[in-house]
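*Asks:* This is what each chain is made of:
Number of protein chains: 2
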Amino acid sequence: MALDVENKLIAFQGEHGAYSELAAYEYFGSVVNTLPCQTFEDVFRLVDEGQTSHGLIPVENSLAGSIHRNYDLMLRYDLNIVGEYFLRVSHCLLALPGVRLEDIRSVHSHPQALAQCEANLFKLGVEQVAEVDTAGSARLVRDLGDKSAAALASKRAADVYELQILSEHMEDDPANFTRFLALAKEPYAAYDPEQNEYKTSIVFNLVNKPGALFKALSVFALRDIDLTKIESRPIPGQPWDYMFYVDFGGHAQALNCKRALDHLGELAPILRNLGSYTRHYIQK
Amino acid sequence: MALDVENKLIAFQGEHGAYSELAAYEYFGSVVNTLPCQTFEDVFRLVDEGQTSHGLIPVENSLAGSIHRNYDLMLRYDLNIVGEYFLRVSHCLLALPGVRLEDIRSVHSHPQALAQCEANLFKLGVEQVAEVDTAGSARLVRDLGDKSAAALASKRAADVYELQILSEHMEDDPANFTRFLALAKEPYAAYDPEQNEYKTSIVFNLVNKPGALFKALSVFALRDIDLTKIESRPIPGQPWDYMFYVDFGGHAQALNCKRALDHLGELAPILRNLGSYTRHYIQK
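As you go down the protein sequences, you meet chains A and B in turn.
To convert, note that position 183 of the first sequence is 183 in the working numbering; the numbers rise steadily by one, no gaps.
To convert, note that position 247 of the second sequence is 247 in the working numbering; the numbers rise steadily by one, no gaps.
Be aware that one or more of the hints could be misleading.
Claimed, not checked - Computed cross-link-like contacts, SDA-like style, restricted to lysine to any residue with a CA-CA straight-line distance of at most 25 Å:
(1) A/K209 - B/K258
(2) B/K155 - B/G29
(3) B/K209 - A/L222
(4) A/K209 - B/I282
(5) B/K209 - A/K123
(6) B/K229 - A/N208
(7) A/K209 - B/A252
(8) B/K123 - A/N176
(9) B/K185 - B/D241
(10) B/K147 - B/G98
(11) B/K229 - A/S232
(12) A/K229 - A/S167
(13) B/K229 - B/N70
(14) A/K123 - B/L166
(15) B/K209 - A/E84
(16) A/K229 - B/F177
(17) B/K229 - B/Y198
(18) A/K123 - A/N176
(19) A/K229 - B/K8
(20) B/K8 - B/Y85
(21) B/K147 - B/L166
(22) B/K258 - A/P210
(23) B/K229 - A/D226
(24) A/K229 - A/R259
(25) A/K185 - A/V207
(26) A/K229 - B/K155
(27) B/K185 - B/L166
(28) B/K215 - A/P234
(29) B/K185 - B/D173
(30) B/K147 - B/N176
In short, the hints are calculated from the structure, not lab data.
Note that the coordinates shown come from a computational prediction; the quantities given were computed from them, not determined experimentally.
Work out the full structure, taking the sequences as your base and the hints as a guide.
*Replies:* This is the structure we're talking about:
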């Protein structure tokens, strides 16, 4: 996380106060500049065109799962993963300044955020109102000027929309993390053999034969390389074909990893190295 | 799909006209009754309490990825998977009767549906308005009575809200499928050795040791059992621990599958068989 933050501009999907923007500040540091984008593809395009130095995109949430669309975009744009960050998603209850918790009658947020706070909202006995996104619901509470309304959103949204935080950690399950990947045009700093906290992300497919996946994974197991993620994704309309998303511990330029990737290349018609980067450990 | 549909009541999450309801009719047949539920957990609870014969829940979308929350609920409720169905997601452009395509100025829908139709909506040159869900946006267009407004939703929503279909297949990528699982209190019909189109879904975890996953998958590869899905899910706060979701071809009561599961049980501290059921092949 010891990145040079000078002249960094980080594209993210969503509006100011979104969880992606919070992740950008936590990962890159609070002095960087951020650029909100309407779509994930806009994030990729801006980085690709050199209009921003980096993009930060969510790829999986511990409750909601992987975001395949962002893997598709990684295959379509020739960018590099240069870092990862696990954001602890903490939904804050935000209201107008001066409002007390007992004044709140309705809570606005994205349906997923409402669902994640279901038990706590039930205890409060408030009406739940579904909105398009979390940051937008914070903006709405400010714009309405309604002292009986609150929003579930990030603590960052409280700053952006000048709301007060009535309560933090409204989520019922504290084990709610979203994994973000930092993207750039150039790969991450060159391989340092003294550093053993690298991770590499790859995408590949396999010809459908019994045991093909087992053979593919053997290229890592036989070299004592640990997998930190594996996910098969059926290619729709081709029920026997799959893409595989795999992350493993190690840098693609380390000798054992390089050999494993060469070996995998013998088996996989498509193999794309998305980047090697420093691993982020989730704190409990 | 030759299910006895008499007296079937199918719980689904969403409101009438939702894609889940469309999947229920396509999978169980158009004569069954459906029961809308506010949350996924309501679906599980109603089936568990015997208030409905079945539940139908989405577990993965080819663009959006897996819905981990529904796997969590499968671990918390002691229900059985009794079937699977891949729904081709086709977003229809719905408007009030008599309206022509050239009259449309704004299109309402869930942000994900709008994103999936981005290129086609751009060609139409319409304003995009994000709503909480697809069926709700169809209801909104009916309630507004606005002849310049349209919704992106399922063809089923057209029937429910008495709208006309201006255009089908508005999605830019036709390879858009959602996989649904049918749940019931009792397991699916007993194993028939003559039938070889079974699939079984399991969840397990592993003690973190190098090569643990490789050993776990060997129990299938060594018995020529094909995997049709594999997904690792990190257990947040425990960066070295994972749950694995695996589907394989075969019935848990077939001898080779039974032996593989016994073998896997030697390696996995937690192993849960979610059910064996008839496989559904996606048509192109």
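*Asks:* Does each hint hold? Answer for all of them.
*Replies:* Results of checking the hints against the structure:
| no. | hint | result |
| --- | --- | --- |
| 1 | A/K209 - B/K258 | holds (22 Å) |
| 2 | B/K155 - B/G29 | holds (16 Å) |
| 3 | B/K209 - A/L222 | holds (14 Å) |
| 4 | A/K209 - B/I282 | holds (19 Å) |
| 5 | B/K209 - A/K123 | violated (42 Å) |
| 6 | B/K229 - A/N208 | holds (13 Å) |
| 7 | A/K209 - B/A252 | holds (22 Å) |
| 8 | B/K123 - A/N176 | violated (39 Å) |
| 9 | B/K185 - B/D241 | violated (30 Å) |
| 10 | B/K147 - B/G98 | holds (9 Å) |
| 11 | B/K229 - A/S232 | holds (6 Å) |
| 12 | A/K229 - A/S167 | violated (34 Å) |
| 13 | B/K229 - B/N70 | holds (16 Å) |
| 14 | A/K123 - B/L166 | violated (45 Å) |
| 15 | B/K209 - A/E84 | holds (23 Å) |
| 16 | A/K229 - B/F177 | holds (23 Å) |
| 17 | B/K229 - B/Y198 | holds (14 Å) |
| 18 | A/K123 - A/N176 | holds (20 Å) |
| 19 | A/K229 - B/K8 | violated (40 Å) |
| 20 | B/K8 - B/Y85 | holds (17 Å) |
| 21 | B/K147 - B/L166 | holds (12 Å) |
| 22 | B/K258 - A/P210 | holds (19 Å) |
| 23 | B/K229 - A/D226 | holds (20 Å) |
| 24 | A/K229 - A/R259 | holds (19 Å) |
| 25 | A/K185 - A/V207 | violated (31 Å) |
| 26 | A/K229 - B/K155 | violated (37 Å) |
| 27 | B/K185 - B/L166 | violated (41 Å) |
| 28 | B/K215 - A/P234 | holds (23 Å) |
| 29 | B/K185 - B/D173 | violated (36 Å) |
| 30 | B/K147 - B/N176 | violated (29 Å) |
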